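Residue numbers (full-length UniProt numbering), protein chains in the order written: chain A, 1 to 199; chain B, 1 to 199.
The set of hints was computed from the structure by calculation and includes no laboratory data. In this text the structure is predicted, and so the values were computed from the model without any measurement. There is no bait here: all hints are sound.
When chains are identical, the list treats them as one kind, so a pair holds in a single copy or across two.
Lysine to aspartate or glutamate pairs mimicking EDC-like chemistry, simulated, CA-CA at most 16 Å apart:
(1) LYS166 - GLU137
(2) LYS49 - GLU65
(3) LYS49 - ASP12
There are 2 protein chains.
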Amino acid sequence: MHFSPLIDQLMDSLRCLPGVGPKTAQRMALHLLERDRVGAERLAQAMLKAVELVGHCEKCRNLSESPICRLCESSHRDESLLCVVEMPADVLAIEQTGSYRGHYFVLMGHLSPIEGIGPEQLGIAQLLSRVRNSAVEEIIIATNPTVEGEATAHYIVEQMRALPVKVSRIAHGVPLGGELEYVDGGTLVHALSGRRSLR
Amino acid sequence: MHFSPLIDQLMDSLRCLPGVGPKTAQRMALHLLERDRVGAERLAQAMLKAVELVGHCEKCRNLSESPICRLCESSHRDESLLCVVEMPADVLAIEQTGSYRGHYFVLMGHLSPIEGIGPEQLGIAQLLSRVRNSAVEEIIIATNPTVEGEATAHYIVEQMRALPVKVSRIAHGVPLGGELEYVDGGTLVHALSGRRSLR
Ligand SMILES: [Zn+2]
Ligand SMILES: [Zn+2]
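Sequences are here, hints too, so could you generate the full structure?
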């Protein structure tokens, strides 16, 4: 549409948001300009600040604006447990259940040779050195129960073979082919408590 | 959730977008930070620019970044037709049908005593003086076929009583109680061509 260059540009830019098509982008742009310019300005500033300052935690690789994230810095977490997940959203999903008090390691993806994502991109060496040099006694692998997530879990188990730690996989209460992020809290609690040792 | 202050703030700010709840805001924030920081920055800049520079056209009251909007400035439009709509989205919907070549007047709302929206807020005096001092021969009232839209249409017809112009209302091909913005193009074309004279 040819509305006005700046409004067209705003509608166009809004489409970088997941799930936002042309019709939704139009509704969002007009809503902001007609009814919530204060909200739009606050959102823009929050975006710029986050993009500039949010990086990754040096310890767990999760998104964080400080070198070491809040979870890693907390003294109230169980140092003997380390849960390995694919993405930051998985940390949020598990934290929201309130039933896990250990630490995390965020791969920021899964093995995918086609996309050029190997052990290096997932920080596997960092994970191994962390396990070697810390009080971790059990690794809970909570990658997604998808083909790629299972392959990634399998690879990590292989790499851990020589290390003196327990390695477990969350129970498949999570439906096969599903994404951890979209699973309800109850199922996640069940999957965590029903985890089985992999050796 | 307590993720990290800047990410929490971003998730929170995203909820000013219509239809965005906490779960969607979370997915959007993580998507932007993990996968599309360039898009996030462009969106933030587009938002700031639009909020700063987009005002209202002096002639038709539609959203515009120039004092007179593109539609009002165009020499290819029919000066004898003036379509009165509630919102900018209605102009977009009618323009997208490609079947109307006249001008517009955007009320930016409808009469609503409860919300304190009267003739002054809708620019009715401006509309009347525009009709008096221009080549307009027919006013097409295309407010929504809702209770408030009908009341607004009725009020405008009353105000036009003394003026030597034809006044018409778009046909009710548009379902009663519906919003013009969400009606398909075919129905809108029908409603425009089937408009009936109100006197
Ligand atoms: Zn961390
Ligand atoms: Zn205009």
